[in-house]
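Colleague: Chain by chain, the residues:
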Amino acid sequence: MVLKPHLDDFKIIGYYLGKITIGIGLFMLIPIICALGFREVSPTFDFFIGIGVSFLCGFILTRICFTDKDLNWMQGMIVVSLSWLVATAIGAIPLYLSGHFKSYLDACFDAMSGFATTGLTLAQDIDHFSYAHNLWRHLIMFIGGQGIVIVALSLFVKGFSGAFKMYVGEARDERVLPNVIHTSRFIWLVSIIFLVLGTLALGITGLLNGMKAQNAFFHGACIFMAAFDTGGFAPQSQNILYYHNMTFETITIVIMILGAINFKLHYHLWTGNFKELFRNIEMRTFFVTIVITFIITAIGLHKLGIYQPAIVLFRKGFYQLISGHTGTGFQTIYAKQFIGGWNELSLTGVIFAMALGGAVCSTTGAIKMLRIGIIMKAVKEDIRRIMLPEKAIVVQRFHHVKNIFLEDKQVRAALLISLCYLLLYAAGALVGMFFGYPFVDSLFESTSAAANVGLSCGITDTAMPVFLKFTYIIQMWAGRLEFMSIFTLLGFLIAAIKGK
Amino acid sequence: MKQLKNYELRIMNCRKNKIIFIFPFVFFIWSLICFSETISSTELINSAKQYDGEEIDYKGEVIGDVMVRGRFAWINVNDGKNAIGIWLPQPLVKEISYAGSYKAKGDIVEVKGKFNRACIEHGGDLDIHAVSLQIVQKGENVDEVISPRKIKVAIAFLIICLTLTVIYFIKLGYGNRS
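Chains H and V are the protein sequences, given in the same order. FYI, the numbering for the first sequence is 236 to 735, going by the working numbering. FYI, the numbering for the second sequence is 2 to 179, going by the working numbering.
Mixed in with the good hints there might be a few duds.
[Claimed, not checked] Chain V residues, not near chain H, derived (Cβ > 12 Å throughout):
| hint | residue |
| --- | --- |
| 1 | Ile40 |
| 2 | Lys60 |
| 3 | Gly107 |
| 4 | Asp126 |
| 5 | Val137 |
| 6 | Val143 |
| 7 | Thr166 |
[Claimed, not checked] Looking from chain V toward chain H, a few residues come up when the C-beta cut is under 10 Å (computed):
| hint | residue |
| --- | --- |
| 8 | Lys115 |
| 9 | Gly124 |
| 10 | Ser133 |
[Stated by the list, open to error] No farther apart than 30 Å at their CA atoms in a straight line, the calculated lysine-lysine pairs in the BS3-like style are these:
| hint | chain 1 | residue 1 | chain 2 | residue 2 |
| --- | --- | --- | --- | --- |
| 11 | H | Lys538 | V | Lys115 |
| 12 | H | Lys337 | V | Lys95 |
| 13 | V | Lys151 | H | Lys337 |
| 14 | H | Lys571 | H | Lys538 |
| 15 | V | Lys50 | H | Lys447 |
| 16 | H | Lys447 | V | Lys139 |
| 17 | V | Lys151 | V | Lys113 |
| 18 | V | Lys172 | H | Lys571 |
| 19 | V | Lys139 | H | Lys337 |
It is worth saying that the hints were derived from the structure and are not from the lab. Glycine included, C-beta positions come from ideal geometry on N, C-alpha and C.
In isolation and in its complexed conformation, chain V is listed as follows (with noise of 0.2 Å):
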């Protein structure tokens, strides 16, 4: 009775453990087929017929202005290679707080969208019409880094420009008198 006990617990031990094995497998592929991976610029750039008229995602940086049009929004999004402009529903770029910039770092987003190699609606556009967006990374303002040495360099040189025009003037002040 003991050994059979024994047995079961076993048997439900190696169970657990299976679950414990089998659960991040399942949560894995299921996250594969919900946020299905990214394809790059360069890719759908280089390969854009390939490409043309498929479901993709793309992630990238938020960059320069968001212009909405209406009931819908132009964004462009760069990945580190190249921007790609996005076609999507007004509504979906309130979401968006920054847009790259010198003073900024936009927001990274992923977009989930039709590619279009020549879009017929935008004039033969390369672009992504989004059906949703969502927010990886919220964007910042960006401080300004100055090298000390830099400074130093723009201020000596601010002292040598500012001493010749000085002499220019005078030298110039004196040709004329004489």
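Just chain H, with the same shape it has in the complex (with noise of 0.2 Å):
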């Protein structure tokens, strides 16, 4: 028998869900400062409207909806599915007033995009964007790479115990710190002082490569949380092409590798333990990941002849590899050149790479190398369970963070999630075809959408088919928050329609 939902449950919901609301809203004052800064005026006033509505609806909420009571494991993961797509309809309303997208649901899907930290985009004329808007896209790359949820209530809330269930709901099963806010403070601390060096060296980069100092910086800035936060938006419609370097790709990569790694270990490299990044799984994982998938790539480029000498063959697909691998999806090549201008194998490497991801408890999408990594080990202890005598005990440890002995509990979590990524890169490859979108394309597409990766083929488009839309919308919100928030969210909708 279903139990349906007490009034309460709504009423809890609706509160942290009226709280979240407001923090997001309070976001928009940074775009509104920098509006004001570069004396833009009609992106001010798109800002005071996308706060006055995050405010009016925040404060309904709490009002309505006022309580004292914690939250439950149930509305915990309810507040959290729900915080994200109320984030995007907020977050898309300066976007859809830039006057930019062709309809309010372009601006939500920009606005997913970005939070989800996926880089996938309809917006049209990103060259003549506003300084303040284009800060708007990155920054809420910024605020969805450390998780919506835990960011807005940091602002306003010293601790509490629900803190942890929604913690966990926005796909961070591992603490830092004993605290979670603490852990969420530790992930503000580490990635404001990455913001503050990756600013300084990109800006430095674009300087001496002939930008204006201001559009330098600014462009620095941008690219790093696009890149820490493993998103993929850029200030300008060419993507990372526009600044045609080879140091600035360089820095990329790097900032690309450290968005892509778990906080855990950045807060043992904070602390000298460098021998961690060594001995552990995910590590070892992504590097084993990258060169197999590098590999597959560099032969099907190879086999092309349109990158020579070796020298530029690496410099175009290990680019588009690593950018595919770590989830963020920056570019220098454009949409359609994936498809002219690369055979099958090598995009088929760039489509492993995007459906392994990188780091659990980092900022990228995908199934992540923890699973693979637990994955691997266990068919390798499966297969020495059969090589072995019957009766020979057969144990096997894996390294994350301390060594750990790998139980069935593990192996199953992992390759349950990974069934359901799987399922839902499959599922979006489908729909593209039902629209008449070759295989490889919709297949390439629709991993880039689910994993948050943000490489295109050049399906997305806002001449799209709205379904389509729609379809990556729900592609990016559910791979980014590992499905069982969204599951938890589907069982209270059956649970009040149908229980008793």
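Each chain sits in its own coordinate frame; assemble them with the hints.
Modeller: What follows is the structure, encoded as structure tokens:
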């Protein structure tokens, strides 16, 4: 028997949703300051409207649903899944008002793509975007990368037990520090220190390469946010190709890799434990998968003979691959070149890389390295079991911050989430094919959306069917939250309708 | 004699008319040869293999930064669909006075040069190595157009927000006192 949710459930969910809505609105103050600094009047009004809507909705929700009760697991998960939809709807308001989107749905697509750190875009005429709107596009990736709920709540909540439930709901099941709020503040600290260093490195590189000072540092900050949070937006329509600079590309590769590694590992590096970098199962798996997928891509590109000599092949092939593997989505080639210029073998290498993703408790999407590592260990254990005598006790261990014995429940969880991702990739590809796109193109774009990558082979366009836009939005949402909170929301809705 | 004169006159008029008709035609052909048709960015990207290494004409708006690199420079030119990187001698960029941004419409330029599908010199970039640049239309600063409705809505929301914030802080004050 399914139990119908109580009124209290709705009130608690509404109350926290209201607080998060106000939190999202507060973040719009940053682009307003930017707009005032650059004397951009129209964008200032756009963001005032955005703040107005978020404050009004937030105040109404917190007043109507006022409660001092804490969240349980179900409520926490539902708050998380709904928060991402609410943040998308509110974050899209200033984007839509900018006049660079053909419809509000297109603006929502970009907002979800930003919050989920995907990087697919339907924006028109990016080269004439205002500084404020451009900053907002990149800032939402920074907020989404840290986790919308935790970011919004850490603004005005000192600490409460419900925070951990929402932290888990946002696909972060590992605590760096014992307290979740302290963990989220550590993540903020790391991100802000890297933001300053990354902006300086990219800004100085831009300056030395002929950019105006204000553009160099503004682009530096935006590109850092997009790279560290493995987002993939860029201030110009050509993405990273705009800069025509190898140093710039190299710095972004370093930032993308930093963004793709576990925050727990960042903490160990922070405290001087560099050995962890080489012993950790995620880093080892990451290294192996990069090598394998790059070999596939490089063989494909070599067969084509398009990039000669080898250094050119490495620069183009490795950049797109590492961008896909870390889930960033930066491109130094045009979207149409993937289909028109690359062969199926090289595309397969990139699709595999996108499908695998980076580390858990990082800003990347996709299956993730810890799960791949665990599955590989389980395969190894089973092979050893077959090879050794029946009475032999086979034990498998792996190192992830500490030595852990491999258990069946870990393997089961890893396989379950991996299966969900594979089904999500396949579902998006089927929808793409339904609308007449070829198989490889559909699979490429679907994997990119569901794994929160952002590389595009050209399907993502304002002219694509509305249903496909919705499909990619749902894929980005589900892929970022790693399913559990969305399954809980679905269960809650079914219980609300069918429950007794 | 008179008839002969008339005949000559008619022939002369006919020649005159022919010249009037032929001159624009010759001029048209000449202009086609000298300023061959520009190719769109979409065509260049989609049929990159076909145009690889060809001398082409490309027209569009200069956007972003003019990035001087020693004796050469990079500009990015957007034809309304895509922007393509143009590598050109530094003296040529001196003619560019506006680059497209939020507050400016960039110069519309026509460049003539070699198209590269994967330029060896520039790490495999799809680019054009230009030998000439012509300003087709000067750019200009763009004034912001703000709709009066947007201003009214923003002010209304601002008032609501301020009121709600004041109410929130008053309630917070009462709560703390109690």
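Colleague: So, for every hint listed, does it hold in this structure?
Modeller: Okay, the hints, checked on the actual structure:
no., hint, in the structure
1, Ile40, "holds (15 Å)"
2, Lys60, "holds (16 Å)"
3, Gly107, "violated (9 Å)"
4, Asp126, "violated (6 Å)"
5, Val137, "holds (18 Å)"
6, Val143, "violated (8 Å)"
7, Thr166, "violated (8 Å)"
8, Lys115, "violated (16 Å)"
9, Gly124, "holds (4 Å)"
10, Ser133, "violated (20 Å)"
11, H:Lys538 with V:Lys115, "holds (25 Å)"
12, H:Lys337 with V:Lys95, "violated (36 Å)"
13, V:Lys151 with H:Lys337, "holds (18 Å)"
14, H:Lys571 with H:Lys538, "holds (19 Å)"
15, V:Lys50 with H:Lys447, "violated (34 Å)"
16, H:Lys447 with V:Lys139, "holds (21 Å)"
17, V:Lys151 with V:Lys113, "violated (44 Å)"
18, V:Lys172 with H:Lys571, "violated (57 Å)"
19, V:Lys139 with H:Lys337, "holds (28 Å)"
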